[in-house]
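Asker: The sequence shown runs 1 to 145 under our numbering.
Wrong hints could be hidden among the right ones.
EDC-like mimics (lysine to aspartate or glutamate), calculated; alpha carbons at most 16 Å apart, straight line [unchecked claim]: (1) Lys33 with Glu6; (2) Lys33 with Glu94; (3) Lys33 with Glu87; (4) Lys33 with Glu112; (5) Lys33 with Asp138; (6) Lys33 with Glu135.
Hint data in this document are derived by calculation from the structure and do not stem from the laboratory. Remember, it's a predicted structure, so these values are computed and weren't measured experimentally.
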Amino acid sequence: MGILTEYFAATLDQARAAAETGPGDDLEPLRCKNVEPFVLGGALWEAVRAGRLGSPSAGLHAGGERIDGHDDEGPYLIRLVPDFVAELAALPDERLRPVAAEWRTAEEWMGEPEVELLAELVAELRRVARAAGAEGLDAYCWMCL
Numbered sequence: 001m002g003i004l005t006e007y008f009a010a011t012l013d014q015a016r017a018a019a020e021t022g023p024g025d026d027l028e029p030l031r032c033k034n035v036e037p038f039v040l041g042g043a044l045w046e047a048v049r050a051g052r053l054g055s056p057s058a059g060l061h062a063g064g065e066r067i068d069g070h071d072d073e074g075p076y077l078i079r080l081v082p083d084f085v086a087e088l089a090a091l092p093d094e095r096l097r098p099v100a101a102e103w104r105t106a107e108e109w110m111g112e113p114e115v116e117l118l119a120e121l122v123a124e125l126r127r128v129a130r131a132a133g134a135e136g137l138d139a140y141c142w143m144c145l
């Protein structure tokens, strides 16, 4: 069992329309498992912002406001913190691998992910963040247990 997560850029109306079943392909979501925005998203934000985990900025959470209107059973739709989205969108190519290598050290990973796979994941998350910024949208994470 795991957490299905889908990251995407959208208007608030588009996001709310996706609250029940997740975003459609037209929103070009990044679909992955177990990469929730609070703990692992916060660790990514820390790696982007500080270059390492365990820095004074520990405790960051990339997940912001929950907008789905569902009960605690989910699915969940979370608007990502705008500062996280902006910092991720600004991440240059040469920092993708170092950020991924640091993010890999987060103890919440199930197993030990490969740095190259995480670098690709960071690049895809950055794609979503850049799409949100370029089009004046917000970035969201849809999650289902």
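Asker: Each hint needs a verdict: does it hold in this structure or not?
Answerer: Structure-based check of all given hints:
1. Lys33 with Glu6: Distance of about 8 Å is within 16 Å: holds.
2. Lys33 with Glu94: Roughly 25 Å between the alpha carbons, so the hint for Lys33 and Glu94 is violated.
3. Lys33 with Glu87: violated (23 Å)
4. Lys33 with Glu112: Holds, because 14 Å separates the two Cα atoms, which is no more than 16 Å.
5. Lys33 with Asp138: violated (21 Å)
6. Lys33 with Glu135: Outside the cut-off at roughly 26 Å; violated.
The structure fails hints 2, 3, 5, 6 (numbered hints given earlier, in ascending order).
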